[in-house]
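Each chain, letter by letter, is given below.
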Amino acid sequence: MAQTQQDIEAHRRRYEELRAAGQELTPKGLPKPTALGGAPIASDAVIHREHVPPGWYTTIRLRRGEALRIIDESGRSSVSLIGWREEDTSERINCADTVKVQWSAAISKGRVILSDMGRVLLSLIEDTCGAHDLLVGGSTPASTQAAYGTPTRNTQENFLAAAAKIGLDVRDISPCVTFFAPVMLDAKGRFLWKPERKRAGDFVDLRAEMNLILVASNCAHPLDPSRPAATGAVTLITHKVTSPAPDDLCRTASPEAARAFTFTERLFA
Amino acid sequence: MTNLCEPAYASDVPSERPWSRVLRKGQTLRIIDSEGQQAVDALLYAAGDPSERYSSQDTLRVQGSAYVELGTKLMSNRGRVMAHITADTCGQHDTSAGCCSCESNAVRFGEATKYQHACRENFILELSKHGLTKRDIVSNLNFFMNVPIDTDGNFTVVDGISAPGNFVDVTADMDVLFVISNCPQVNNPCNGFNPTPIRVEIRDPVA
Numbered sequence: 001m002a003q004t005q006q007d008i009e010a011h012r013r014r015y016e017e018l019r020a021a022g023q024e025l026t027p028k029g030l031p032k033p034t035a036l037g038g039a040p041i042a043s044d045a046v047i048h049r050e051h052v053p054p055g056w057y058t059t060i061r062l063r064r065g066e067a068l069r070i071i072d073e074s075g076r077s078s079v080s081l082i083g084w085r086e087e088d089t090s091e092r093i094n095c096a097d098t099v100k101v102q103w104s105a106a107i108s109k110g111r112v113i114l115s116d117m118g119r120v121l122l123s124l125i126e127d128t129c130g131a132h133d134l135l136v137g138g139s140t141p142a143s144t145q146a147a148y149g150t151p152t153r154n155t156q157e158n159f160l161a162a163a164a165k166i167g168l169d170v171r172d173i174s175p176c177v178t179f180f181a182p183v184m185l186d187a188k189g190r191f192l193w194k195p196e197r198k199r200a201g202d203f204v205d206l207r208a209e210m211n212l213i214l215v216a217s218n219c220a221h222p223l224d225p226s227r228p229a230a231t232g233a234v235t236l237i238t239h240k241v242t243s244p245a246p247d248d249l250c251r252t253a254s255p256e257a258a259r260a261f262t263f264t265e266r267l268f269a
Numbered sequence: 001m002t003n004l005c006e007p008a009y010a011s012d013v014p015s016e017r018p019w020s021r022v023l024r025k026g027q028t029l030r031i032i033d034s035e036g037q038q039a040v041d042a043l044l045y046a047a048g049d050p051s052e053r054y055s056s057q058d059t060l061r062v063q064g065s066a067y068v069e070l071g072t073k074l075m076s077n078r079g080r081v082m083a084h085i086t087a088d089t090c091g092q093h094d095t096s097a098g099c100c101s102c103e104s105n106a107v108r109f110g111e112a113t114k115y116q117h118a119c120r121e122n123f124i125l126e127l128s129k130h131g132l133t134k135r136d137i138v139s140n141l142n143f144f145m146n147v148p149i150d151t152d153g154n155f156t157v158v159d160g161i162s163a164p165g166n167f168v169d170v171t172a173d174m175d176v177l178f179v180i181s182n183c184p185q186v187n188n189p190c191n192g193f194n195p196t197p198i199r200v201e202i203r204d205p206v207a
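First to last, the protein sequences are chains A and B. Going letter by letter, the first sequence gives residues 1 to 269 in this note's numbering. Going letter by letter, the second sequence gives residues 1 to 207 in this note's numbering.
Hints in this document: simulated from the structure, not taken from any laboratory. Positions of the beta carbon are idealized from the N, C-alpha and C atoms, including for glycine. One should not assume that every hint holds.
Said to hold, decoys possible - These stretches of chain A come out as covered by chain B in the derived footprint (C-beta under 8 Å, 3 or more residues): (1) 12-23; (2) 37-44; (3) 93-99; (4) 239-247.
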């Protein structure tokens, strides 16, 4: 339908207002990173604790009201994550919507990871690191061959194996989020790796806003220049958390996040 | 850059509409931004086995940089080159922002915009002709869409720089199903807030 000049001007005005809010106001209101060693988990809140060795993956069922802590004990690991809504696995992590809706490719404490259905899949309620990748993705047979001269265990094959064990397949593997992967861009759009943004003991807490099946792959990020591959064990802890209150820091971070929370809650109303 | 041979196929794609066709290996698809500032969302699938499909993350990793431009190899989820960009009179294309959907529009622009046509509706309907579903929609290409990512990670859809008649040529390195949504978005500058028609032309390789 052809747009009138009035429509065009009104839409441009609203877009500029949203952009200013999203890139000027919202970042000022985001919380500071979690302190290393901070945010202890009460022992009676712990549901399950697991160590994932270098190169391996695990599948986690995370219910609404639970959170997943991912700890990079050595400061050398990166952890790639994909995930689906348990009741309808066609709903899944959507990296493009996550960065587009939040006006930023940099996610940190107070941000959310969105599904393709305009709902919040995970909230980043604790984060010591704030350097995670949504653009480049995980390692593959080709990337490990190029990096190490021989193909090694890699995230793409880990995701395939994990998906197969729950009745899913290659069609269900979306672009992934990689935690503790400090990928930045230079002024020309080239990717840079910033190792100084990784520390031993870095962790994130991801709160499930719907019932989820997640796959975490503990493989070196393809841009990590360490040779041999930078790897260490990572610890995953699923634990009980309180439901997001009206003043929840992720919900109130932006008008977009508030709307996404509202749409998510309708699944459970 | 100018290709004088007649196209083997040509079609105008009306504003807001989808299009798809199989490109044979060696054929070149020219996408023409007929009136300028029009985003064209695109997905590629291996014609023989559509579980092999375009992968934005593989494409960016192999390239080492964030934008699609002349020479960019469009990679599959199996690490193969599906096609590459062989001509480009615009110079600015995206593959990080995905496609618009009714659901993401409602989050971005308010719930009233849920009832506006969107690229994902186009993709779902066009893919259904080929036995594919929403599951098969991955993060797509956005030709003529200007999405700078700055050094702080700020991610912004800004005014397109493509002028009327600008085009991009995509040459197939395998037989591919090429699917387009001529983007209906009116809430951001990707289409100048006013969607317009595009033209597609397919040329055979020069003998």
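Cross-check of the supplied hints:
1. 12-23: Three-residue rule met by the stretch 12-23 of chain A, so holds; n is 6.
2. 37-44: violated (count 0)
3. 93-99: holds (count 5)
4. 239-247: violated (count 0)
The earlier numbered hints that this structure contradicts are 2, 4.
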